[in-house]
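With these hints in hand, go ahead and build the complete structure from the sequences.
The lines below spell out each chain.
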Amino acid sequence: SQQGEEDPQALSIQEGENATMNCSYKTSINNLQWYRQNSGRGLVHLILIRSNEREKHSGRLRVTLDTSKKSSSLLITASRAADTASYFCATRGIKAAGNKLTFGGGTRVLVKP
Amino acid sequence: TAGITQAPTSQILAAGRSMTLRCTQDMRHNAMYWYRQDLGLGLRLIHYSNTAGTTGKGEVPDGYSVSRANTDDFPLTLASAVPSQTSVYFCASSDEAGGNYGYTFGSGTRLTVV
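Residue numbers (the working numbering), protein chains in the order written: chain H, 1 to 113; chain B, 114 to 227.
Simulated from the structure, these hints should not be mistaken for lab results. Remember, it's a predicted structure, so these values are computed and weren't measured experimentally. Mixed in with the good hints there might be a few duds.
Only pairs whose alpha carbons sit at most 30 Å apart, straight line, appear in this in silico DSSO-like list of lysine-lysine [said to hold, decoys possible]:
(1) K56(H) <-> K112(H)
(2) K100(H) <-> K170(B)
(3) K95(H) <-> K170(B)
(4) K95(H) <-> K56(H)
(5) K170(B) <-> K26(H)
(6) K69(H) <-> K100(H)
Structure follows, in structure tokens:
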């Protein structure tokens with residue numbers, strides 16, 4: 001079963017606009033991560049936020065985490081056509097042995113030039 | 114370029130046949146993982162290995178087996194393929210089995226069982 005659920009499932013925006021996607025999860029976590037997947041390729045790690053952190057930035061990416069609501073958001077600012085991809089959240093549960101991650105179903109983002 | 118190599122890139126396999134998907138990493142990561150990705154279901158963990166010599170079952174292990182004889186290699190074997198195993202398979206690794214580390218993924222193997 002999926003731990004994380006992304007919302008929306010698909011998003012279409014114009015180049016230069018911001019893209020926001022959300023992730024909800026069910027059980028307590030150690031950390032939450034976001035990945036990008038271009039069509040036909042493997043996933044690429046974008047950013048990791050720990051359970052005791054509330055916000056993290058990396059370039060044009062901003063991630064927030066609200067453990068009380070069991071939710072996270074990924075904001076991509078000033079989007080580019082190259083940001084077109086699927087974005088997945090993944091959680092490492094507190095009770096998960098090792099570093100096993102549980103992935104959500106993803107948000108497909110289309111950035112139109 | 115350092116990373117994970119998966120082979121083959123794609124394969125069409127007759128039902129009932131066996132097949133081994135290969136995964137090799139050159140980053141000396143301790144932990145390795147196999148996921149399958151199906152439309153609408155995201156990625157689901159098949160098997161994992163926290164360190165060489167150990168393996169564990171993930172969410173969907175039935176019909177699959179793995180081995181971890183050394184740090185670099187983590188092959189996934191389908192003993193007798195069935196059509197429901199048609200999927201894209203991703204191998205991944207992380208530096209340590211614990212802690213806060215992201216995964217490095219391979220490019221995937223697209224398997225079609227007919």
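Structure-based check of all given hints:
1. Between the alpha carbons of K56(H) and K112(H) the distance comes to roughly 27 Å, so the proposed pair stays at or under 30 Å and holds.
2. Between K100(H) and K170(B) the alpha-carbon distance is near 11 Å, which keeps this suggested pair within the 30 Å criterion.
3. For the suggested pair K95(H) and K170(B), the alpha carbons sit about 15 Å apart, so the restraint of at most 30 Å is met.
4. Between the alpha carbons of K95(H) and K56(H) the distance comes to roughly 24 Å, so the proposed pair stays at or under 30 Å and holds.
5. For the hint pairing K170(B) with K26(H), the CA-to-CA distance comes to about 21 Å; that is within 30 Å, so the pair holds.
6. For the given pair, K69(H) sits about 22 Å from K100(H) by alpha-carbon distance, which is consistent with the 30 Å threshold.
Every hint, counting from the list given before, is met by this structure.
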